[in-house]
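Peer 1: With chain A fixed as given, assemble chain B onto it according to the hints.
Residue numbers (this note's numbering), protein chains in the order written: chain A, 131 to 569; chain B, 131 to 569.
Please keep in mind that the hints were generated in silico from the structure rather than gathered at the bench. Treat the hints with caution; some may be incorrect.
Where chains are identical, the list cannot tell them apart; a pair therefore holds if satisfied intra-copy or between any two copies.
Capping the alpha-carbon separation at 27 Å, the derived lysine-lysine pairs in DSS-like fashion look like this [unchecked claim]:
{"hint": "1", "residue 1": "Lys-295", "residue 2": "Lys-240"}
{"hint": "2", "residue 1": "Lys-478", "residue 2": "Lys-240"}
{"hint": "3", "residue 1": "Lys-135", "residue 2": "Lys-166"}
{"hint": "4", "residue 1": "Lys-467", "residue 2": "Lys-401"}
{"hint": "5", "residue 1": "Lys-478", "residue 2": "Lys-401"}
{"hint": "6", "residue 1": "Lys-295", "residue 2": "Lys-135"}
{"hint": "7", "residue 1": "Lys-145", "residue 2": "Lys-206"}
{"hint": "8", "residue 1": "Lys-139", "residue 2": "Lys-465"}
{"hint": "9", "residue 1": "Lys-478", "residue 2": "Lys-145"}
{"hint": "10", "residue 1": "Lys-465", "residue 2": "Lys-206"}
{"hint": "11", "residue 1": "Lys-166", "residue 2": "Lys-206"}
{"hint": "12", "residue 1": "Lys-467", "residue 2": "Lys-166"}
{"hint": "13", "residue 1": "Lys-478", "residue 2": "Lys-467"}
{"hint": "14", "residue 1": "Lys-401", "residue 2": "Lys-295"}
{"hint": "15", "residue 1": "Lys-143", "residue 2": "Lys-401"}
{"hint": "16", "residue 1": "Lys-467", "residue 2": "Lys-240"}
{"hint": "17", "residue 1": "Lys-143", "residue 2": "Lys-465"}
{"hint": "18", "residue 1": "Lys-222", "residue 2": "Lys-478"}
{"hint": "19", "residue 1": "Lys-135", "residue 2": "Lys-467"}
{"hint": "20", "residue 1": "Lys-465", "residue 2": "Lys-240"}
{"hint": "21", "residue 1": "Lys-166", "residue 2": "Lys-145"}
Every value quoted in this text rests on a predicted model; they were computed, and no experiment measured them.
Protein chains: 2
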Amino acid sequence: MPIQKTIQKIIAKIKEGIHPTDLAELVDELNDQQRKELFELLSDEEAALIIQEMDEMDQISLIRLLTRHRASSILKEMAVDDATDLLGELSKDEVKELLSLIEDEAEEIKGLLRYREDTAGGIMTTEFIALPEDIPVDEAITRLRELAPDTEIVYYVYVINEQTKLTGVISLRDLIAAANGTLLEEIMLRNVISVPVDMDQEEVARLVSRYDLLAVPVVDEDQRLLGVITVDDIIDVIEEEATEDIYRLTGTGDVESVDILEASVFSIVRKRLPWLIVCLLGGLLSGSVIGAFEHTLQAVVVLAVFIPVIMDMGGNVGTQSSTLFVRGLATGEIKRKDTQIYFLREVKIGINMGLINGLVIAVAAALWQGIPMLGVVVGIAMFATIFLAALVGTLIPIIFNHYGVDPAITSGPFVTSVKDITGLLIYFYTATLFMQYLI
Amino acid sequence: MPIQKTIQKIIAKIKEGIHPTDLAELVDELNDQQRKELFELLSDEEAALIIQEMDEMDQISLIRLLTRHRASSILKEMAVDDATDLLGELSKDEVKELLSLIEDEAEEIKGLLRYREDTAGGIMTTEFIALPEDIPVDEAITRLRELAPDTEIVYYVYVINEQTKLTGVISLRDLIAAANGTLLEEIMLRNVISVPVDMDQEEVARLVSRYDLLAVPVVDEDQRLLGVITVDDIIDVIEEEATEDIYRLTGTGDVESVDILEASVFSIVRKRLPWLIVCLLGGLLSGSVIGAFEHTLQAVVVLAVFIPVIMDMGGNVGTQSSTLFVRGLATGEIKRKDTQIYFLREVKIGINMGLINGLVIAVAAALWQGIPMLGVVVGIAMFATIFLAALVGTLIPIIFNHYGVDPAITSGPFVTSVKDITGLLIYFYTATLFMQYLI
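So that you can see chain A by itself, here it is in the shape it has in the complex (with noise of 0.2 Å):
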């Protein structure tokens, strides 16, 4: 039979010592049937390493597939962290009945359960190493061979007081190259860099790549160690945070919450849709501009002819400016301090783009509609509009950034709409003012 074969041919796979990601992935082809009987061949930790491997989606419809039974024995097995973010996603119930078969890792997982997602809490470990200050050095490697296998990581040793307060920390490679008598104490670095449990997963990533970390502890209130970050799972909120700030400053929406190859086509147009109302609303109002000077374009109809290339270089402009200040943010190039600073320059830059593209599109209007007016008509409207882009492309994002809102998310449709209503009045309301040269 071919299904057995494909089966087969995975778990010869998995003898030869195949990485756990590249299993995931060809578990991805298999049908539910097919993963249903090739998890039944595996051991626990075997399905444990795949399934920590695979998409969350994929995740939960395997452990819906599988006994209760056997669901707990894998989770067991997996990395407390990833267990619960797997159990994150799972009804209520269905937590309270696995939870009630795990046993050991219960308490730890409902524990971890308690922290938002995306905050420090949310992606940290509880499988690290603390040892106590007042140790040698050597005893401190004989304890890590016992628990090197049961933790995640241990190229940092935390070191920890009598109150289990977060003291100090010691590189596995400073701790093998010290004399064997040493303290832990006498050897640790005492600045260590750690983060508060409610701390945004964002901050803490900028924190990690700015010191160049391979992890961080975090403590609570009392600077007590609750739990590690690895880098990895750093890497993830890297690109998951670019990849928001990516959909939402091109107006694309909330659509990483999905899987964007696997999701419904109506799950994914209501994702898209509320950015394209606002997009539809702020359209008509830039469109009653129009309206409101019917009898100008009326006299001359010509002026029809540049509305796309005003609105789309205002419309590029603003995205430009908007971008770079709220990227520039999210990497730390920018920060708050410098806003001013860099406000003033941006509007320089408003101005010298604004007459270069003004002089340009006056001359082409000028000689293209063969009337001298139009240009000057067009290069004002050019200039003013692509200056107001840069302006509240830039202002707008530093406003909401100020009140706490995500400037991503105002780059798109509301920079759009906002340049797209002033650059149409000032065209229209210039040529108002030159129509008799214009006629």
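Peer 2: Quick look at chain B alone, frame taken from chain A:
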């Protein structure tokens, strides 16, 4: 003197053990004269630690402030990969002069300078630990103790055979957990994930992120170990590449190559202008479509009122579609084999969003202007524009990707122009067809 005071404060912070990254930030506030004075007071090692954390631009200007002799002493203390990156930004003559003073590390740096900046070779370090297969664990640990201070990483030990070919890897954790007499070849992992020296840095980053690695070895075509890339450099690559994608997707241009806070107004304008010029031409082309239907517009001026909403909606949908595809490719969520399925689903999404928004705008237009047939025209145009924008927004990046051009650059001005022109053509063509009912 206040200058002296600032410098004294920084020196005091160094004594307190402040992190070099934070120190670099303090140095950032100083002017050239102050920086020069400060660095004259620091040891070569202290200076190297700080310089490594500074921006490239600041590194260069600082190195040029110092004597050649001093600069070379500091370069000697820096991590080889950081020293290479810095030298890569200097003139050929400067590099030659500095390398002649460095001696020992000069050959290593010269070797690294050969590799392209955005490849595995360009971001790897040559300071790694490689041990032979046939030594026992205790000897390996003794060697590590001697070597550790001079290497950047010791959490993976790479194992090589007599031909210096990479044959295995052992994590420090497995090493200390193993019994003393065991040979390295008995405990090493043989399926080492390694990258070729000319692999693009983005691909390296994807691999490290996929397999949750802390470091990845770099090999030549004969599988000889050349260097190691550490995860902190991978994080920088991921952030860099995300920024590049964001700038390209939003039509912001090649701005990531300059320091956005300190670059001159002129240099930023020059980077942003090319996209604006593409946009200008696209806008004029769209305008010529309106020009071609001047008689239609002359007869029914109210048609102009819906130009903005049709352009904006097409723009938003087109950007959404290309953003989702381009980002999906970048994160690996969409693979080449998925392109067709993805495209077909996007077509369905386009039809659905077109129908919904077409209906809404049709009713709105009919009621607003009191001309039922205008609703029909605007509704049809809206449906066709959104449908085509979804199609074009996905198809253009697919085609560019197929021919090896970064699809991110297509998203901004290109998609904008194509959907503007098609959208306006459909709108005015439909209006011309229904002309008799509109007047």
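Peer 1: Now tell me, hint by hint, if it's right for this structure.
Peer 2: We went through each hint and held it up to the structure:
In this assembly of identical chains, Lys-295 and Lys-240 lie within 27 Å of each other by CA distance solely inside one copy; the values are 22 Å within and 48 Å between copies. Taking the shortest alpha-carbon separations for Lys-478 and Lys-240, neither the intra-copy value of 55 Å nor the inter-copy value of 42 Å comes in at or below 27 Å. In this assembly of identical chains, the alpha carbons of Lys-135 and Lys-166 lie at most 27 Å apart only when taken from the same copy (15 Å versus 71 Å across copies). For the homomeric pair Lys-467 and Lys-401, the shortest alpha-carbon distance between copies (25 Å) is at most 27 Å, but the shortest distance inside one copy (35 Å) is not.
In this assembly of identical chains, Lys-478 and Lys-401 lie within 27 Å of each other by CA distance solely across copies; the values are 15 Å between and 37 Å within a copy. Neither within a single protomer nor between protomers do Lys-295 and Lys-135 lie at most 27 Å apart by alpha-carbon distance, with minima of 54 Å and 36 Å respectively. Taking the shortest alpha-carbon separations for Lys-145 and Lys-206, only the intra-copy value of 22 Å comes in at or below 27 Å, while the best inter-copy value is 47 Å. For the identical chains of this complex, Lys-139 and Lys-465 are inter-copy neighbours only, at 23 Å across copies versus 54 Å inside a copy, given an alpha-carbon limit of 27 Å.
In this assembly of identical chains, the alpha carbons of Lys-478 and Lys-145 never lie at most 27 Å apart, being 64 Å within a copy and 43 Å across copies at closest. In this homomeric assembly, Lys-465 and Lys-206 never come within 27 Å of each other (Cα to Cα): the closest approach is 44 Å inside a single copy and 32 Å across copies. For the homomeric pair Lys-166 and Lys-206, the shortest alpha-carbon distance inside one copy (19 Å) is at most 27 Å, but the shortest distance between copies (58 Å) is not. Proximity of Lys-467 and Lys-166 under a CA criterion of 27 Å is satisfied inter-copy only: 25 Å between copies versus 56 Å inside one chain copy.
Only within a single protomer do Lys-478 and Lys-467 lie at most 27 Å apart by alpha-carbon distance; the minimum there is 19 Å, versus 47 Å between protomers. Taking the closest pair of Cα atoms, Lys-401 and Lys-295 never come within 27 Å of each other, the shortest separation being 45 Å inside a single copy and 51 Å across copies. In this homomeric assembly, Lys-143 and Lys-401 never come within 27 Å of each other (Cα to Cα): the closest approach is 39 Å inside a single copy and 50 Å across copies. In the homo-oligomer, the alpha carbons of Lys-467 and Lys-240 never lie at most 27 Å apart, since the shortest distance is 41 Å inside one protomer and 40 Å across protomers.
For the identical chains of this complex, Lys-143 and Lys-465 are inter-copy neighbours only, at 22 Å across copies versus 50 Å inside a copy, given an alpha-carbon limit of 27 Å. In this assembly of identical chains, the alpha carbons of Lys-222 and Lys-478 never lie at most 27 Å apart, being 56 Å within a copy and 35 Å across copies at closest. Taking the closest pair of Cα atoms, Lys-135 and Lys-467 come within 27 Å of each other only across two copies (23 Å); inside a single copy the shortest separation is 63 Å, beyond that limit. Taking the closest pair of Cα atoms, Lys-465 and Lys-240 never come within 27 Å of each other, the shortest separation being 38 Å inside a single copy and 36 Å across copies.
With identical chains, the CA atoms of Lys-166 and Lys-145 are at most 27 Å apart within one copy only, with a shortest distance of 19 Å there and 61 Å across copies.
Violated hints, listed in ascending order, are 2, 6, 9, 10, 14, 15, 16, 18, 20; each of the other numbered hints is respected by the structure.
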